[in-house]
Amino acid sequence: MTSPAIFAPRSGVLARAADWAIRHPRMFVFLMVLPIVLWLGIVYIGALIALLMQSFFSIDEFSGVVQHEFTLKTYAELLRPSNFAIIARTVAMAAAVTLASAVLAFPMAYFAARYARGKWKALFYIGVMLPLWSSYLVKVYAWKLVLAKEGILTWIFAQLHLSWLLDAVLAIPVVGGNSLSVSYLGTFIVFVYIWLPYMIIPVQAALERVPAPLLEAASDLGATPKQSFRMVLLPLALPGIVAGSIFTFSLTLGDYIIPQIVGSGRLFIGQAVYTQQGTAGNIPLAAAFTVVPIVIMGVYLWGARKMGAFDAL
Amino acid sequence: MTKFLNLCASGLALGAALTLPAQAEMMKQLGKPEGALSIVAWPGYIERGETDPAYDWVTKFEQTSGCKIEVKTAGTSDEMVSLMNQGGFDLVTASGDASLRLIAGGKVQPVNTDLIPDWKRVDDRLKDAPWHTVKGTHYGVPFMWGPNVLMYNTDVFKTAPDSWDIVFNEQNLPDGKSNAGRVQAYDGPIYIADAAIYLKAHKPELGIENPYELNETQYAAALDLLKGQRKLVSRYWHDAMVQVDDFKNEGVVASSSWPFQVNLLKADGAHVASVVPKEGASGWADTLMLHAQAKHPTCAYMFMEHSLNSNLQSDLSVWFGAVPSVPSACTDKSGMQTAEGCDANGLKDFEKIWFWRTPTSSCEAGGCVPYHRWVSDFIAVMGG
Numbered sequence: 001m002t003s004p005a006i007f008a009p010r011s012g013v014l015a016r017a018a019d020w021a022i023r024h025p026r027m028f029v030f031l032m033v034l035p036i037v038l039w040l041g042i043v044y045i046g047a048l049i050a051l052l053m054q055s056f057f058s059i060d061e062f063s064g065v066v067q068h069e070f071t072l073k074t075y076a077e078l079l080r081p082s083n084f085a086i087i088a089r090t091v092a093m094a095a096a097v098t099l100a101s102a103v104l105a106f107p108m109a110y111f112a113a114r115y116a117r118g119k120w121k122a123l124f125y126i127g128v129m130l131p132l133w134s135s136y137l138v139k140v141y142a143w144k145l146v147l148a149k150e151g152i153l154t155w156i157f158a159q160l161h162l163s164w165l166l167d168a169v170l171a172i173p174v175v176g177g178n179s180l181s182v183s184y185l186g187t188f189i190v191f192v193y194i195w196l197p198y199m200i201i202p203v204q205a206a207l208e209r210v211p212a213p214l215l216e217a218a219s220d221l222g223a224t225p226k227q228s229f230r231m232v233l234l235p236l237a238l239p240g241i242v243a244g245s246i247f248t249f250s251l252t253l254g255d256y257i258i259p260q261i262v263g264s265g266r267l268f269i270g271q272a273v274y275t276q277q278g279t280a281g282n283i284p285l286a287a288a289f290t291v292v293p294i295v296i297m298g299v300y301l302w303g304a305r306k307m308g309a310f311d312a313l
Numbered sequence: 001m002t003k004f005l006n007l008c009a010s011g012l013a014l015g016a017a018l019t020l021p022a023q024a025e026m027m028k029q030l031g032k033p034e035g036a037l038s039i040v041a042w043p044g045y046i047e048r049g050e051t052d053p054a055y056d057w058v059t060k061f062e063q064t065s066g067c068k069i070e071v072k073t074a075g076t077s078d079e080m081v082s083l084m085n086q087g088g089f090d091l092v093t094a095s096g097d098a099s100l101r102l103i104a105g106g107k108v109q110p111v112n113t114d115l116i117p118d119w120k121r122v123d124d125r126l127k128d129a130p131w132h133t134v135k136g137t138h139y140g141v142p143f144m145w146g147p148n149v150l151m152y153n154t155d156v157f158k159t160a161p162d163s164w165d166i167v168f169n170e171q172n173l174p175d176g177k178s179n180a181g182r183v184q185a186y187d188g189p190i191y192i193a194d195a196a197i198y199l200k201a202h203k204p205e206l207g208i209e210n211p212y213e214l215n216e217t218q219y220a221a222a223l224d225l226l227k228g229q230r231k232l233v234s235r236y237w238h239d240a241m242v243q244v245d246d247f248k249n250e251g252v253v254a255s256s257s258w259p260f261q262v263n264l265l266k267a268d269g270a271h272v273a274s275v276v277p278k279e280g281a282s283g284w285a286d287t288l289m290l291h292a293q294a295k296h297p298t299c300a301y302m303f304m305e306h307s308l309n310s311n312l313q314s315d316l317s318v319w320f321g322a323v324p325s326v327p328s329a330c331t332d333k334s335g336m337q338t339a340e341g342c343d344a345n346g347l348k349d350f351e352k353i354w355f356w357r358t359p360t361s362s363c364e365a366g367g368c369v370p371y372h373r374w375v376s377d378f379i380a381v382m383g384g
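Chains as they are written, first to last, in UniProt numbering: chain B, 1 to 313; chain A, 1 to 384.
Everything labelled a hint here was simulated from the structure, so no lab data went into it. Even for Gly, the Cβ is constructed at its ideal location relative to N, Cα and C. Any given hint could turn out to be false.
What the hints assert, rightly or not - Derived SDA-like pairs: lysine to any residue, alpha-carbon spacing no greater than 20 Å straight-line:
id	chain 1	residue 1	chain 2	residue 2
1	A	Lys248	B	Gly298
2	A	Lys248	B	Phe111
3	B	Lys73	A	Asp377
As the list claims (entries may be wrong) - Sample of chain A residues lacking proximity to chain B, with all beta carbon distances greater than 12 Å (derived):
id	residue
4	Lys68
5	Asp78
6	Arg101
7	Lys135
8	Thr154
9	Ser234
10	Asn263
11	Gly269
12	Ala365
13	Pro370
Working from the sequences, and respecting the hints, build out all of it.
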């Protein structure tokens, strides 16, 4: 028999339930967590596993019907030159976008964290966040107009008598092209513009936490500005940069709208998935393509964790 | 692991077998209108005057029939097939690369043309079209069709080009400059058929009969042609609005296109025109199909009749830049369309059009290259 209650049990379902919850704290926690676990487990992970399982099936070359038998053939198809080129292209673009975002974001974030005060700080936040408030599609289409062969940028270059410079840049093999809006360079510019805020915010958060006296101490001890940047500021801000890079890198890996509107027509991973799962009905290959960014991001996050990126989020 | 996957697979197969619908019976007579109708359609196909008050072919139907129309728009043929597979819809405006899949999947029911008095008005050439008629049974009512035309810039081409050659092979255009970087191609594997149409006329030794049924040699020749074209194309077009912009701002002067973009650019004052070249062209033809488990079959039949006998054919063909399936809609003043408008949208070129169909390995000659290979190979071409 349990120990007798001091008070008699209260009447009413709600009151009894409350009493029960107080007496069984572990069960209470379990019930509170259950919906979240179910959501994550069934809706999120479950759907992902169902998708991943598809990648171990294959498509029958002759009839185009999916064969529900375990095989690694589909993964081997990823290594075909045309498919591997898609992966290499996407990863290279994601890396370039991440690097450029970091380089651009650092001085902006540094200014905001060190020098901006009061309304300037508010202005900074609005300036960084404002682009995120408008539709993604509108921004991409706007960039298409800016970068077009007969667009604003070409006009500005012509007015400045710098058309030769633009032509020289576009003449660079691989990244160049007929105009900025049909070249890798254009895709790169738009990617950097769209994802830059996701880099600035975590870097700024990391820089805010670097105590100013540390930098003063460094210079007192005879460090040149370059040295204190390299040996004090950068290591302390690195977790923020890595955190930001998680966003820019993974978002570029998965995007399939930007390269479709501004680009040379060469596919990125997201577009390949979109095409393969469509009329092609090649769900296994689409699923295998989906696994690639998951694996890359898995490795990346593992490395980022080692660098303490999650403390800066 | 293998065992587990096999188990899952057989579970899937079993599920599929259980949900396989019994072949739906054709309706013998109409009942009382059910008061509602739900349609899966391409964007812009079912207009009730909300986008532009001048384009309305729903309000009157709702008033006379009492069937309240609900529209679900779909952006791709695959989306349409998937929505119809989920069920809950009555009608779908299926294109040729979806219609046969719907019939094969048992998702649509045969249509009794006796219950549609104005069936007789349908273009004779469309009545038994192979994308909605299987073994003499009709699975739908022709809705709209249109060609994939060759759009060109009239400042560069003083006379209309008569061949697709200008987009496939490097050459100097009439203005003396090369076509490299100034032509476009459609960003879809089905574009391989356009290359096959060109080869059918220029390389008769390949023996191409049907551009959607290619054997290995013919297919390889089409891919070679497209690989050469890749060097000329700066960007493949996918989105109609992007193409419109490319003609305005990107210096593109010739491309395969839809009458929709041509009309849009002309309305904007751009110097463009279109032509169906001598080799012929690919095209699309949409069919109004009835779901096998439609909840509102009477309303659906009434709408099919309405689609043939109202301002719908005429006004929709203006709105969408398409050709009516009812030829008289061009001239009978039931809407805004005129004989010239129909000709501009491609009416006269019917004989030269190869309508989109999903390539399968089971073709008449046998051993044709199936569509999923078109997909992976076209990706390789674009990445080239």
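Now for the hints, and whether the structure bears them out:
Restraint check: the Cα-Cα separation between A/Lys248 and B/Gly298 comes to about 44 Å, which exceeds 20 Å; the hinted pair is violated. Restraint check: the Cα-Cα separation between A/Lys248 and B/Phe111 comes to about 41 Å, which exceeds 20 Å; the hinted pair is violated. Between B/Lys73 and A/Asp377 the alpha-carbon distance is near 17 Å, which keeps this suggested pair within the 20 Å criterion. Non-interface status of A/Lys68 relative to chain B is upheld: no Cβ of that chain comes within 12 Å, the nearest being about 31 Å off.
Taking the minimum C-beta to C-beta distance to chain B, about 5 Å, the non-interface status of A/Asp78 is violated against the 12 Å cut. Annotated as non-interface, A/Arg101 brings its C-beta within 12 Å of a C-beta of chain B; the closest such distance is 9 Å. For A/Lys135, the requirement that its beta carbon stay farther than 12 Å from each beta carbon of chain B is met, with the minimum near 21 Å. The Cβ of A/Thr154 lies farther than 12 Å from every Cβ of chain B, with a closest approach of about 17 Å, so its non-interface assignment holds.
The claim that A/Ser234 lies off the interface is violated: its Cβ sits roughly 4 Å from the closest Cβ of chain B, which falls inside the 12 Å cut-off. Listed as a non-interface residue, A/Asn263 keeps its Cβ farther than 12 Å from every Cβ of chain B; the least gap is roughly 21 Å. Chain B leaves A/Gly269 outside its interface by the beta-carbon criterion, the shortest separation being 15 Å against a cut-off of 12 Å. The non-interface label for A/Ala365 is consistent with chain B: the shortest C-beta to C-beta separation is roughly 15 Å, beyond 12 Å.
Against chain B, the non-interface label of A/Pro370 is violated: not every CB pair exceeds 12 Å, the least being about 4 Å.
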